[in-house]
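A.B. asks: Single-letter residue listing:
Number of protein chains: 2
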Amino acid sequence: MSYRLYYWTGIQGRGEFVRLCVEDAGAVYTDVARVEGDDVMDAFIAGEHAGALPFAPPFLASGRLVIAQVANILHYLGPRHALVPESESARLYAHQLELTIADLVAEVHDVHHPVASGLYYEDQRNEATKRAKDFREERTPKFLGYFEKAVERGGGKHPLRAHSYVDLSLLQVMAGLHYAFPKAMAKQTLPLLRDLARRVADRPNVAAYLASERRLPFNTNGIFRHYPELDE
Amino acid sequence: MSYRLYYWTGIQGRGEFVRLCVEDAGAVYTDVARVEGDDVMDAFIAGEHAGALPFAPPFLASGRLVIAQVANILHYLGPRHALVPESESARLYAHQLELTIADLVAEVHDVHHPVASGLYYEDQRNEATKRAKDFREERTPKFLGYFEKAVERGGGKHPLRAHSYVDLSLLQVMAGLHYAFPKAMAKQTLPLLRDLARRVADRPNVAAYLASERRLPFNTNGIFRHYPELDE
Chain A
0 MSYRLYYWTG IQGRGEFVRL CVEDAGAVYT DVARVEGDDV MDAFIAGEHA
50 GALPFAPPFL ASGRLVIAQV ANILHYLGPR HALVPESESA RLYAHQLELT
100 IADLVAEVHD VHHPVASGLY YEDQRNEATK RAKDFREERT PKFLGYFEKA
150 VERGGGKHPL RAHSYVDLSL LQVMAGLHYA FPKAMAKQTL PLLRDLARRV
200 ADRPNVAAYL ASERRLPFNT NGIFRHYPEL DE
Chain B
0 MSYRLYYWTG IQGRGEFVRL CVEDAGAVYT DVARVEGDDV MDAFIAGEHA
50 GALPFAPPFL ASGRLVIAQV ANILHYLGPR HALVPESESA RLYAHQLELT
100 IADLVAEVHD VHHPVASGLY YEDQRNEATK RAKDFREERT PKFLGYFEKA
150 VERGGGKHPL RAHSYVDLSL LQVMAGLHYA FPKAMAKQTL PLLRDLARRV
200 ADRPNVAAYL ASERRLPFNT NGIFRHYPEL DE
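Those sequence lines, one after another, are chains A and B. In terms of numbering that gives the first Met the number 0, the first sequence is residues 0 to 231. In terms of numbering that gives the first Met the number 0, the second sequence is residues 0 to 231.
Since the hints were made in silico from the structure, they are not lab data. The model shown is predicted, which means the values in this text are computed figures rather than measured ones. Built from N, CA and C at the ideal position, the CB exists for glycine as well. There could be a bad hint or two in this list.
Residues from chain B shown here face chain A by an in silico Cβ test under 8 Å; the list is partial [unchecked claim]: (1) N71; (2) Y75; (3) L91; (4) A149.
Derived pair list, reagent style EDC-like, types lysine to aspartate or glutamate, alpha-carbon separation capped at 16 Å [stated by the list, open to error]: (5) B:K129 to A:D122; (6) B:K182 to B:D133; (7) A:K182 to A:E231; (8) B:K156 to B:D194; (9) B:K186 to B:D230; (10) A:K186 to A:E231; (11) B:K141 to B:D102; (12) A:K132 to A:D230; (13) A:K129 to A:E228; (14) B:K186 to B:E137; (15) B:K132 to B:E231; (16) B:K148 to A:E47; (17) A:K132 to B:D122; (18) A:K129 to B:E121; (19) A:K129 to B:D122; (20) A:K148 to A:D194; (21) B:K132 to A:E231; (22) B:K156 to B:D201; (23) A:K182 to A:E136; (24) B:K182 to B:E137; (25) A:K148 to B:E47; (26) A:K186 to A:D230; (27) B:K129 to A:E121.
Let's have the full structure, built from the sequences with the hints guiding it.
C.D. replies: Here is the structure:
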């Protein structure tokens, strides 16, 4: 099975959660826009392809299927690459955790875009300063404390007692938050999540990916952005 | 099968998307907090129950399963009550649409809470005024235009060519947006979505529910809130 992933060039963004999954799985995939340009996605968004209508990138083409929404894509890929346990209860729980990661990612975005996603950060910096304070002091501890507890509940190594796509996404969350909010993150006590992130980053396929040119650096066009003034 | 739904008392909120599903299905369920009080949810959030750890309400108990995140709950309920087509492609698409509805709902919340979900609306009214303008002028047409196109693509009656839980959620979105932003919604041309909402509201179980005391009125504690100053 070969996949075609559609996501904006130039940023990790939400596409990165899918990339980490297919890279760890050793799956064959094409990061289509990086080959053909961002315009290749227009026809999908305009409804000119068969199958599901995506609202926005990322979306994944797998045979005749078109699948959008990160958590939905991972819910599809997980069973196909042994990246989620087999039981119904575990798959529902994995998906629930991934959806909570998606909620966190949306809040990370809104830290630098609290007023309008279509305006520049510089045009909403005052509001962003206020939202960043709440994010650092209330939301980050709440979300990360939840995931820390989930890892503990899973036995201390993984929320699902075995490696899964959720672990890959938690690596990305930890890496992104450390890039965006280094000072705020230094204050968080998260031994299990930090250990998980290290172990996931050391998986051979993940390590090879992170060292490759396919892994773009974090930057201030993506979702996780480092603006020093938002990091207290 | 009898379900136990856990959600805050006093508001429709995110729990309403689950209620509409179980009501339309004619399923037996208990809206637990309305019987036992909101405190009944604390032990789940604290991790004192077996099964999945919820981040926040709503969550559904079904036998030994605990399932959180609205779209995940509907993805579980849909096949059990013939509220989603049988094919994998249709189920992925239904879930993708539901996740996009969840994204819209999160943005609706942030219109009145653009700075901090833990502060009162009155403490972030200036920022809310700005965000509301963007929501009315950019986000509402973008999201609803997408769902209108999805219904058209499904043949004009349903995005999935047959009644599904997505239709029930679209009814709630349309009702909520009309309550919160009556002036802005009056300007939207959405013939297929409006027709869908009317048809769904007329389904016997839905109509009976909407006329019952179980259906709380919209209010300014929920997600869809009517503040006239935010409706231009």
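A.B. asks: Next, verify each hint and record whether it holds.
C.D. replies: Quick rundown of the hints versus the structure:
Contact between N71 (chain B) and chain A, as hinted, is supported at the beta carbon level, the nearest pair being about 5 Å apart and thus within 8 Å. At a threshold of 8 Å, the smallest CB-CB gap from Y75 (chain B) to chain A is about 6 Å, leaving the interface hint in force. For L91 (chain B), the interface hint holds, the least distance from its beta-carbon to any beta-carbon of chain A being 5 Å, beneath 8 Å. For A149 (chain B), the shortest C-beta to C-beta distance to chain A is roughly 5 Å, which falls under 8 Å, so the interface hint holds.
At roughly 12 Å between alpha-carbon atoms, K129 (chain B) and D122 (chain A) fall within 16 Å of each other, so this suggested pair holds. For the proposed pair K182 (chain B) and D133 (chain B), the alpha carbon gap of about 15 Å is at most 16 Å, so the pair holds. Taking the CA atoms of K182 (chain A) and E231 (chain A), the gap is about 7 Å. The hint holds against a cut of 16 Å. Distance restraint check for K156 (chain B) and D194 (chain B): the Cα-Cα separation of roughly 8 Å lies within the 16 Å cut-off, and the hinted pair is therefore satisfied.
The hinted pair formed by K186 (chain B) and D230 (chain B) meets the criterion: a straight-line CA distance of about 12 Å does not exceed 16 Å. Taken as a hint, the K186 (chain A) and E231 (chain A) pair is honoured in the structure, with Cα atoms around 12 Å apart against an allowance of 16 Å. Distance check on the hinted pair: K141 (chain B) and D102 (chain B) sit about 12 Å apart at the alpha-carbon level, within 16 Å; holds. Annotation: proposed proximity of K132 (chain A) to D230 (chain A) holds, straight-line Cα distance about 8 Å (limit 16 Å).
Simply put, K129 (chain A) and E228 (chain A) have alpha-carbon atoms about 11 Å apart, close enough for the 16 Å limit, and the pair holds. Taking the CA atoms of K186 (chain B) and E137 (chain B), the gap is near 13 Å; set against the 16 Å cutoff, the hint holds. Distance restraint check for K132 (chain B) and E231 (chain B): the Cα-Cα separation of roughly 7 Å lies within the 16 Å cut-off, and the hinted pair is therefore satisfied. Restraint check for K148 (chain B) and E47 (chain A): satisfied, since their Cα atoms lie roughly 12 Å apart, inside the 16 Å limit.
At roughly 15 Å between alpha-carbon atoms, K132 (chain A) and D122 (chain B) fall within 16 Å of each other, so this suggested pair holds. For the hint pairing K129 (chain A) with E121 (chain B), the CA-to-CA distance comes to about 15 Å; that is within 16 Å, so the pair holds. For the suggested pair K129 (chain A) and D122 (chain B), the alpha carbons sit about 12 Å apart, so the restraint of at most 16 Å is met. Proximity of K148 (chain A) to D194 (chain A) is assessed by CA-CA distance (about 14 Å); at most 16 Å being required, the pair is judged to hold.
Note on K132 (chain B) and E231 (chain A): the hinted pairing is violated, with a Cα-Cα distance of about 29 Å set against a maximum of 16 Å. At roughly 14 Å between alpha-carbon atoms, K156 (chain B) and D201 (chain B) fall within 16 Å of each other, so this suggested pair holds. Only pairs whose Cα atoms come within 16 Å are accepted, and K182 (chain A) paired with E136 (chain A) is accepted, the gap being roughly 12 Å. Between K182 (chain B) and E137 (chain B) the alpha-carbon distance is near 15 Å, which keeps this suggested pair within the 16 Å criterion.
Between the alpha carbons of K148 (chain A) and E47 (chain B) the distance comes to roughly 12 Å, so the proposed pair stays at or under 16 Å and holds. Restraint check for K186 (chain A) and D230 (chain A): satisfied, since their Cα atoms lie roughly 12 Å apart, inside the 16 Å limit. Between the alpha carbons of K129 (chain B) and E121 (chain A) the distance comes to roughly 15 Å, so the proposed pair stays at or under 16 Å and holds.
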